[in-house]
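Participant: So the chains spell out like this:
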Amino acid sequence: MPTRLRQVLPHGVMLLAAVFLYWAATLIDVDTGGRIGPAVWPKTIIVIMGLLCAYEVVKRLVSDAPGEVRALGVPEGEGGGAKGLPEHPRKLFGGIALIAAYVVAVPWLGFFVTTALFLAAFPWVAGLRRPVLTAALGIAGSLALVVVFMRIAYISLPFGEGPFRALSLALLRAIGF
Amino acid sequence: MDVITHLAAGFGVVFTPVNVLVLVIGLVLGMLVAVLPGLTLVMGVVLALPFTYKMGVAPALILLTAMYVSGTYGGAITSILFRIPGEPMDVPLIWDGYEMTRQGNAALALGWSLVAAFVGGIVSAVVMVALAKPVAHIALSFSSPEFFAIVFFGLASVVTLSGTSLVNSLISLCLGLLIATVGVDSIYGAERFAFGLPFLLDGLEFLLVMVGAYGIGEVLTRMNTGFASEGHAESKDGRFRTAFPKLSQMLRMKATFARGTLSGMIVGVVPGAGATVSAFVAYGLEAQYGKNGKALGTGAPEGIVAAKSAATASVGGAFVPLLAMGIPGSGATAIILAAFLLHGIQPGPQVFVSSPELINTVFATVFASVIGMCILGYVAIKPLCRVLDAPEAIVSAFVVVFCFVGAFAQRNSLPDLYVISIFGLLGFLFERFRFPLAPLVLGTILGPLAEGNFMTTMVSFDNDWTVFFTRPISGTILALSVVGLLWPVGRAAWARYRKANLDEQPGTP
Numbered sequence: 006m007p008t009r010l011r012q013v014l015p016h017g018v019m020l021l022a023a024v025f026l027y028w029a030a031t032l033i034d035v036d037t038g039g040r041i042g043p044a045v046w047p048k049t050i051i052v053i054m055g056l057l058c059a060y061e062v063v064k065r066l067v068s069d070a071p072g073e074v075r076a077l078g079v080p081e082g083e084g085g086g087a088k089g090l091p092e093h094p095r096k097l098f099g100g101i102a103l104i105a106a107y108v109v110a111v112p113w114l115g116f117f118v119t120t121a122l123f124l125a126a127f128p129w130v131a132g133l134r135r136p137v138l139t140a141a142l143g144i145a146g147s148l149a150l151v152v153v154f155m156r157i158a159y160i161s162l163p164f165g166e167g168p169f170r171a172l173s174l175a176l177l178r179a180i181g182f
Numbered sequence: 368m369d370v371i372t373h374l375a376a377g378f379g380v381v382f383t384p385v386n387v388l389v390l391v392i393g394l395v396l397g398m399l400v401a402v403l404p405g406l407t408l409v410m411g412v413v414l415a416l417p418f419t420y421k422m423g424v425a426p427a428l429i430l431l432t433a434m435y436v437s438g439t440y441g442g443a444i445t446s447i448l449f450r451i452p453g454e455p456m457d458v459p460l461i462w463d464g465y466e467m468t469r470q471g472n473a474a475l476a477l478g479w480s481l482v483a484a485f486v487g488g489i490v491s492a493v494v495m496v497a498l499a500k501p502v503a504h505i506a507l508s509f510s511s512p513e514f515f516a517i518v519f520f521g522l523a524s525v526v527t528l529s530g531t532s533l534v535n536s537l538i539s540l541c542l543g544l545l546i547a548t549v550g551v552d553s554i555y556g557a558e559r560f561a562f563g564l565p566f567l568l569d570g571l572e573f574l575l576v577m578v579g580a581y582g583i584g585e586v587l588t589r590m591n592t593g594f595a596s597e598g599h600a601e602s603k604d605g606r607f608r609t610a611f612p613k614l615s616q617m618l619r620m621k622a623t624f625a626r627g628t629l630s631g632m633i634v635g636v637v638p639g640a641g642a643t644v645s646a647f648v649a650y651g652l653e654a655q656y657g658k659n660g661k662a663l664g665t666g667a668p669e670g671i672v673a674a675k676s677a678a679t680a681s682v683g684g685a686f687v688p689l690l691a692m693g694i695p696g697s698g699a700t701a702i703i704l705a706a707f708l709l710h711g712i713q714p715g716p717q718v719f720v721s722s723p724e725l726i727n728t729v730f731a732t733v734f735a736s737v738i739g740m741c742i743l744g745y746v747a748i749k750p751l752c753r754v755l756d757a758p759e760a761i762v763s764a765f766v767v768v769f770c771f772v773g774a775f776a777q778r779n780s781l782p783d784l785y786v787i788s789i790f791g792l793l794g795f796l797f798e799r800f801r802f803p804l805a806p807l808v809l810g811t812i813l814g815p816l817a818e819g820n821f822m823t824t825m826v827s828f829d830n831d832w833t834v835f836f837t838r839p840i841s842g843t844i845l846a847l848s849v850v851g852l853l854w855p856v857g858r859a860a861w862a863r864y865r866k867a868n869l870d871e872q873p874g875t876p
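Chains E and L, in that order, give the protein sequences. So the number in our numbering is just where the residue sits in the first sequence, counting from 1, plus 5. So the number in our numbering is just where the residue sits in the second sequence, counting from 1, plus 367.
Just chain E, with the same shape it has in the complex:
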């Protein structure tokens, strides 16, 4: 991707989002009897956001060395790429995929099984290649979390469906729930 296009991409995407959201805000339709309506506040914010994004896009397109007005204070943290540290896109996408898989699987597999698989797989994807440790960690960690959240903190977590539900219930009975 050309450098200039890459530079304007984040603000360009936000600008498109602002245009879309403005369109969505025009659909907010209530009879307010002449008083200020519920669309005014979001529309004002969207216009400000859109103008800021447009300004940044234009500035980056026309300027050879884009300078920026820095806010005061201390940066709260910058991304690896921004700091010039090496990036690991494969690990990143692996992590994103695991997080997505957890969200999709937890209603079916239940908290215990999904968490055990996740706790075992995540360190592996992140580069910790010690299969016995990660497998043990998955099972022991998930069991510990079930005890902490469901037995001690009384938080109701998904049981899963079918055999996984039966497994979750058996586990809860085993820990005295």
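Hint data in this document are derived by calculation from the structure and do not stem from the laboratory. Computed from a prediction, not measured in an experiment: that's the story for all the values here. We treat Cβ as the ideally placed atom computed from N, Cα and C, and that holds for glycine. Not one of these hints is a red herring.
On the chain L side, residues computed to face chain E include the following (Cβ under 8 angstroms):
#1 A760
#2 F765
#3 V767
#4 F771
#5 V772
#6 N779
#7 Y785
#8 G791
#9 N830
Based on these hints, arrange chain L on the given structure of chain E.
Facilitator: Only chain L this time, still in chain E's reference frame:
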């Protein structure tokens, strides 16, 4: 006298057996998250929040407050001993604390850090108790234009102090304010940005935004830069102890203590500027105005005292706007605000009338936490350093699960897991493309308050927007906010002008 009686009642609540246990757990957890690789103080407090759902409001506030206070100290130990700042606020401690360690004075550096944290914490707690009630009394006389102006000031200061591009900070804030508008609006009941999805009609809880952006977003950011798969070998070096400086040495440094504590409290009061900004501001002030300012960075204890007293003092400062006006002064106080709200209590001037015992409990907890933090910081150096051995990849896997449980447990809603995952990705992208997260999160939290007061004012004053500027208090606060927002622009323009002038001078290369 009245204040002391109320404070004593607060201590009475804190020192029941269960609450003492909760306090100790909070102190230990706060220290751990400040030291653990891959966890930040704000993330740690976020992760503790689900455990408070089933607690009473007092233990919930004790747990989170204790974590917040002790979380400002833990990272000091690893900064001074191993040059590993647990939190950004601990970076200035490397410059002098680690230098002292290299010179063979590690024990004394730890002692200075502990004394500074104690002085900053206790003095700011006293000032917090003294200030909160009068500020709440003043706030009681405020009407919607004044509240809008105060919230606007808070949002403007978050943007101004974000430390990154001003434009990006403003965009981040706008997005946060927009997220807060999702769902059914509170005045007309109009549906906004729900796109036909039923779960969006209830709105997007700011907790989901915080947990996603700070928790999962941070994990993804660290994953992208590569986790350290094993712990830090330095932590196996076993000789850790603390040696306190002499009283005469401390008295010689009283101006440094005063500067650090005062700047920490003042910066702490400003919404969005927490312990990190306080520590850096105090260090800068000490370098500029301190008697030994030129020696900073070479292992001078003044550098440790200034940064550490300011970081701890910011806690008391941050509680003042939270308790008196319902406006969080930092990321951690935003989560404590969430704990209040989850128990059906809206902090602000009214809470001093309706639930004074809770306010006194928070006050007492801050005092008890500062003392507990110092005791723990003295006795638990060795185990805290051992925590560095935990592989970051494993810690991060648990962080993700804690984030999911926190998001799910609030209202037992599976779509909330999708929501925090999306905000986790957004948090990562924000970090990656250098958009600050604090304005996004504070915008989501304060958005309903800003919009509510804006709309109420417009309805009450027949759509006359000039009322915000013609009323003396709101006009002054809004003018200050605008000056704050324009300050970085003016500063950049002045720097460009000076550079251009220098370039034009003959003989300049």
